[in-house]
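Assemble the complex: chain A is given as a structure, and chain B must be docked to it using the hints.
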Amino acid sequence: MINRVFRLVAPGQIVTELCDISLNDGVIVRPEYLSICAADRRYYKGLRPSDIMRKKLPMALIHEACGIVVADASGKFKAGSRVLLVPNIDGAACVARANYDSTSHFCSSDTDGFLQEYISMRPENLVPYSGIEPQIAVMCELCSVAYHAVDTLKTCAHKRREEIAVFGDGNLGYVCSLIVKTLMPNSRLHIFGMSDEKLSFFSFADEVHRADFEYLGGGFDHAFECVGGEGSQDAIDSIIEKINPQGTLMLLGVSEKPVAVNTRMVLEKGLTLIGRSRSTREDFIKCEKLLRTDASLRRELSKIIHAQYEIRNAQDICHAFDEDASSPFKTLLKWNI
Amino acid sequence: MKGKTKIYAGILAGGIGSRMGATIMPKQFLPVGGKPVILHTVEKFLLNKSFDGIYIAVVKSYLAHTKALLEKELGSLAQKVCVIEGGSDRSESIVKVINEIRKSDKSAESILVTHDAVRPFVSARIIEENIDLAIQFGATDTVVPATDTIIRSLDGVSICNVPTRSELFCGQTPQSFKISWFEEDFSRMSTEQKAKITDACGVFTASGRTVRLVMGDPFNMKISTPFDLKLAEAIVETSVAEGSK
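Chain order of the listed sequences is A and B. The opening residue of the first sequence carries number 9 in the numbering used here; numbering runs sequentially from there. The opening residue of the second sequence carries number -5 in the numbering used here; numbering runs sequentially from there.
Chain B with its partners taken away, still in its complex shape:
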């Protein structure tokens, strides 16, 4: 499917983990199964040979730590990974990744697969389908069907309406798209519009583009809160013993 199209991964690790509570490190550096979350995530992307480059956008104070961690743990595999300083929000981090890619690649067809560093359980299939559909249709978003009933309230006090659940999905990542689409659409947005945008797909839908859905799965959870971290730790086995039965 890939052909001559260049494919890049942008792993977004710019957050400081304000929802994680009293930790000394941002959530993406906390250990799960004995290893930092971000390392698990990067390893998953390294195993997909479609990527021409993997960019990690991290908070400035963790640049050196991230580089050292990857060099130590990944050895020669780390050559494919480029660690850069992230932005103040998600969109700005994406822009910084794109700016880095554009230093050597000006193609309108190139694809960026963006992913939360704190979703280490993403599967090979989800990544592969993001790449295939982004090449085919221009933009994708990974989702799972909503299982809880979603309540809409404008004031946080009373219900405004209850949307039909079968029409609702929960957004995950990766979100993947033609870099040129993002450049075009994001540059047209006002500062006010940019401030409201919480993810890349919001940029495309605001511009009237069609974004294709990739089916994610419940394991592709985001580790945002102490509960998530506890849950992630509980479901990961640290090793598979050979001949253990």
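Okay, chain A solo, but in the shape it has when bound:
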């Protein structure tokens, strides 16, 4: 079948390309909702280094999506089933966890993402979902990344977890904070951000603080860095300064440039720094259950849907990306290609 794939060919330029896909291989999914991530935004705006842009483009963006199965040659999914799309394509023989293994691929990073009329997926890259609104389900990928990070902290960090800090008041910071509050309900949750408006959305947190104001409170046992970009340096400095000895610092924010770390203080305090990114099918399965069974989590997630655009062609995709550039939170694409 001739499928329409919407590829970024240059910053701000998305074109329709026609590709033949077989109905006899894999599961054919019709996307229902897609969501723009900061990583997609960086590609679209041309904010990645030029050699990276040259290497990766043309490429279909977007790795957050949910959809409906329309055909499955494997017989594992019924037509009409609602599914979450897992963007990490596991390598055949992973040595590391699949989302870190060098033989794995990731949609919208080293292979086409989900901006496609129909998507041919491996059965193992789909997770059925129910009892979740599609507009919330589309954010499951972001939740799964946060889930993976919080789960790691619970496994690796020392057991004193009275005070937890999340640095970053964007989408990642918000979702990470929500997952911390859900999985570690007895911890006192502090949020550090730069925008009063955005911080006002974190009503479930115990305390919110302006990261650029002097902080006079006590230290934290552990912290999550969800800032990324040019703000990474200040956030990491600030966390290292405020965190209690032997605390764990989870790094989730993506920075294009190398960030200097105050290793003297890391050594002095005996800190542990752990990087976490992306997720696997197992993280998706756990998140699907969490979202299905926790109505308050779904309600809190719905607060960060800032805009929804109906997408009927490549121009609509560009319009949504252009508007997303000035959006404080999530931009969803209702797929009608």
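Treat the hints with care, since some could be wrong.
[Said to hold, decoys possible] Cross-link-like lysine-lysine pairs, in silico, DSS-like; alpha carbons within 27 Å at most:
#	chain 1	residue 1	chain 2	residue 2
1	A	K84	B	K74
2	B	K90	A	K86
3	A	K277	A	K167
4	B	K66	A	K86
[To be verified] Chain A is nowhere near these chain B residues, computed Cβ spacing over 10 Å in every case:
#	residue
5	K38
6	A140
7	G150
None of these hints come from the bench; they were simulated from the model. Note that the Cβ used here is the ideal one computed from N, Cα and C, for glycine as well.
Then chain B, alone, in the frame of chain A:
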């Protein structure tokens, strides 16, 4: 949107491709991206779950070939597809599809989505909007705004007039409608009127019915000429490599 209304697709593949020039096969059986054009088109309709049946009207000499092709390439998905003999022109092929549907469905509300077999690049949206608007309003035609200036000439020698371009659209397919409307309006037409009709929407407008527009797009092109075939071949990628970047 569908509710209890039955929806059928009628893929019109009755032509012999006289504009394609020296080919041994009708244009709908020529390959694009390594597969016959008609197969791409049928696959697109198979992925829309609203259809209660998909009928393909083909030229008589290609009945067996079409059935074998679909069985081989589509496997169990081919069960939903019924291949029948087309008519001598478009309207007659539509009538034959309707006659086949009427063997089991007499409903006045049932909808037929007719589509040219040689438009394999139709999108899911175009098909979905045809179904939704046909249920809502009774008849639809897929169009794109005219980009060229259209010249009207009665004798082919000199200009009669130049119509206002913003009022002009180029017709594509699908064309979708209540089967009962077509039956009613077509049966009232004289043989002379029927001979002049080139598409289903002409039947409805001649009867004074309103036909709603569905916005098509330039990719939904018709593969009629060797140029079209060359163009189609050039714009189709045959596979998407996983992890190719």
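> Is the hinted pair K66/B and K86/A satisfied, with a Cα-Cα distance of at most 27 Å?
Replying inline: Since the Cα atoms of K66/B and K86/A sit roughly 22 Å apart, the hinted pair holds (cutoff 27 Å).
>> Tell me if the straight-line CA distance from K90/B to K86/A falls inside 27 Å.
In response: Distance of about 33 Å is beyond 27 Å: violated.
> If you draw a straight line from the CA of K277/A to the CA of K167/A, is it 27 Å or shorter?
Replying inline: holds (16 Å)
> Taking 27 Å as the top limit, are the C-alpha atoms of K84/A and K74/B close enough?
Replying inline: holds (20 Å)
> Taking the closest pair, is the beta carbon of A140/B still more than 10 Å from chain A?
Replying inline: holds (18 Å)
> Hey, does K38/B actually stay past 10 Å from chain A on C-beta?
Replying inline: violated (6 Å)
> So is G150/B really clear of chain A, every C-beta pair being over 10 Å apart?
Replying inline: Non-interface label on G150/B holds, nearest chain A Cβ at 36 Å vs cutoff 10 Å.
In the structure shown, a violation is registered for the earlier hints numbered 2 and 5, in ascending order.
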